[in-house]
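> Chain by chain, the residues:
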Amino acid sequence: MLKGKAFKFGDNISTDLIAPGRLVHLRSNLPELAKHVLEDADPTFAARVKPGDFVVGGSNFGLGSSREHAPVIIKMSGVAAVLAKSVARIFFRNAINVGLPVLVCDTDKINDGDELEVDLASGVIRNRTNGEVLSSGKIPDAMLSILNEGGLKPYIKKHGDFKL
Amino acid sequence: MVKNLTQRILSTKTGGDVAPGDIVVSPVDWALVQDTTGPLTVREFLGLDLPKLANPAHTILFIDHAAPSPQKQLSCDHTFLRKFARDYGAVLSDVGEGVCHQIMAEKYARPGDVIVGADSHTVTAGGLGAFATGMGSSDVAAAFGLGKTWFRVPESILVKLTGRLQNNVTAKDIILHLIGLIGADGATYKALEFGGDGVTVMSVSDRLTIANMAVEAGAKVGLFPSDEKTREYLEGLGRGQDYQPLTADNGAAYEKVIDIDLSSLAPTVARPHTVDNTATVSELAGTRIDQVFIGTCTNGRLSDLKQAADILKGHRRHPDIRLLVAPASPQVMLAGMKMGYIQTLVEAGAVILPPGCAGCLGVHQGVLGDGERCLSTANRNFLGRMGNPEGFIYLSSTPTAAASAITGVITDPREVI
Chain A
1 MLKGKAFKFG DNISTDLIAP GRLVHLRSNL PELAKHVLED ADPTFAARVK PGDFVVGGSN
61 FGLGSSREHA PVIIKMSGVA AVLAKSVARI FFRNAINVGL PVLVCDTDKI NDGDELEVDL
121 ASGVIRNRTN GEVLSSGKIP DAMLSILNEG GLKPYIKKHG DFKL
Chain B
1 MVKNLTQRIL STKTGGDVAP GDIVVSPVDW ALVQDTTGPL TVREFLGLDL PKLANPAHTI
61 LFIDHAAPSP QKQLSCDHTF LRKFARDYGA VLSDVGEGVC HQIMAEKYAR PGDVIVGADS
121 HTVTAGGLGA FATGMGSSDV AAAFGLGKTW FRVPESILVK LTGRLQNNVT AKDIILHLIG
181 LIGADGATYK ALEFGGDGVT VMSVSDRLTI ANMAVEAGAK VGLFPSDEKT REYLEGLGRG
241 QDYQPLTADN GAAYEKVIDI DLSSLAPTVA RPHTVDNTAT VSELAGTRID QVFIGTCTNG
301 RLSDLKQAAD ILKGHRRHPD IRLLVAPASP QVMLAGMKMG YIQTLVEAGA VILPPGCAGC
361 LGVHQGVLGD GERCLSTANR NFLGRMGNPE GFIYLSSTPT AAASAITGVI TDPREVI
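Same order as they appear, the protein sequences are chains A and B.
Under our numbering, the first residue of the first sequence is numbered 1, with each subsequent residue one higher.
Under our numbering, the first residue of the second sequence is numbered 1, with each subsequent residue one higher.
Incorrect hints may have been included.
[Unchecked claim] Which chain A residues stay away from chain B? Per the calculated CB distances, all over 10 Å, these:
1. L2
2. D16
3. G52
4. R89
5. N111
6. N130
7. A142
8. N148
9. D161
[Unchecked claim] Pair by pair, the computed Cβ-Cβ distance ranges are:
10. L2(A) x G286(B): 23 to 33 Å
11. E117(A) x V351(B): 34 to 44 Å
12. E149(A) x D310(B): 19 to 29 Å
13. A121(A) x A19(B): 24 to 34 Å
14. T44(A) x M339(B): 35 to 45 Å
15. G150(A) x G21(B): 38 to 48 Å
16. R239(B) x G113(A): 35 to 45 Å
Since the hints were made in silico from the structure, they are not lab data.
The structure presented is a predicted model; accordingly, all values stated were derived computationally and were not measured.
For glycine and all other residues, C-beta sits at the position ideal for the given N, C-alpha and C.
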């Protein structure tokens, strides 16, 4: 069971908002880049987020670039999972590949600062602040098998191939 | 089995009939990275402890996003990529050799190929009938080492284009109109397949522009049939042997069909800060701009240089704006010189940038100042995209950009001619 605070963002949080293109020179220095995570959406986020917290977006979270640095630095900031109404295709796959869980649910019922409990196995999300209980769509089996190994690299190292 | 284009390509590649929703493991014909995603891909590949690349001659490392490098960290990333290419026998496309997606179209991509790239606009090669899609570094690293990847076979949306475009309304206006219609997530997890008699007469250059932006509607691929236009294009490049005809079967199944009458379209612009925030040029006419940028993997081809030169000939850029032009490849640049387009553009006050991505991603060559507005022929106008979250990016076709460069405000190209 994951427990943490919700950091609420709006619709269309692009990879440029998560990992700004102007900081491309930091992409080979991920700990430094992580200090700027989501900077152009909320300049205070990186300083306020604590391990176990949740990034909560609206629709089409992670649209834009294929840069895997975006989910990597969200994970490096300690975020336990991303919750969104819908997720862009490449970001979703990248997040699973780097071991960052992504749950699709009705995030309109989550406000900034709410305390959440998330059960990844069942997809049940309890909002301890307003009492709402949400359920997320199932992560596809192929992705779940990668996530369960901790990401694509450990998956390939273990299986040597795709066994999906 | 009656198949749409997506099913046809993935069935051929995997050796079995596939249907939407199936999970398949497919061989990969080409795997590519560029200099902003490549270093992470290489590190992930090295972390897999695989002895070699599955197919070195079909593994391509492009240095195009920050080329030439403006910063020492990026120079070191470039050095890292060059060394990896040398050590592992991969293909290197270095500074000045062009934008990855343009070079894929000119030299490598073939109808029916499966192409994965650590760049979201890898979808561009769908204009040639290749199942080409953007992925992250881990996925491309696995494709480097294993020569394959997994896909969920997407549902397909057929975009049926009928009729003919008005003069100075272009392929870019079609795709901006479509994204405005269905939204930035209107094709998420889907394939966009293009058909109809409007496609039959469309050049491959125009098809590449449209396929390039399929991802801006969330799509996994943007696919065009491979037909006589494809054959002419490949033969023009001395690659006739790479041609094979490829179409969807009559009666193929689609999740839905979107009809667009091309004759009804007007020059279209995407306003800040999302690509689906579209309006016709006439609605925005008179909006002051500070910079015009013509180029990128969307609109940096010879046809774009021609469109810009035709409009700018005998004119001068408005004194209050910068006009930046980046040809997408050396081949485009040389042809543009031979045809006199480059000279016309320089005489009109343009700065010609080296073949590459230039200012599109905000690293160099056109970073916006606070409050400045850029009218760009690129594919993205997200907040912060051109290096400054205090800047504003409008996306348009090349004729609209060129006409606006003359007046200094957003202008309908049909009024300048």
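> Hint compliance check: list the failing hint numbers for this structure, sorted ascending.
Per hint list: 2, 4, 7, 9, 10, 11, 12, 14, 15, 16 violated.
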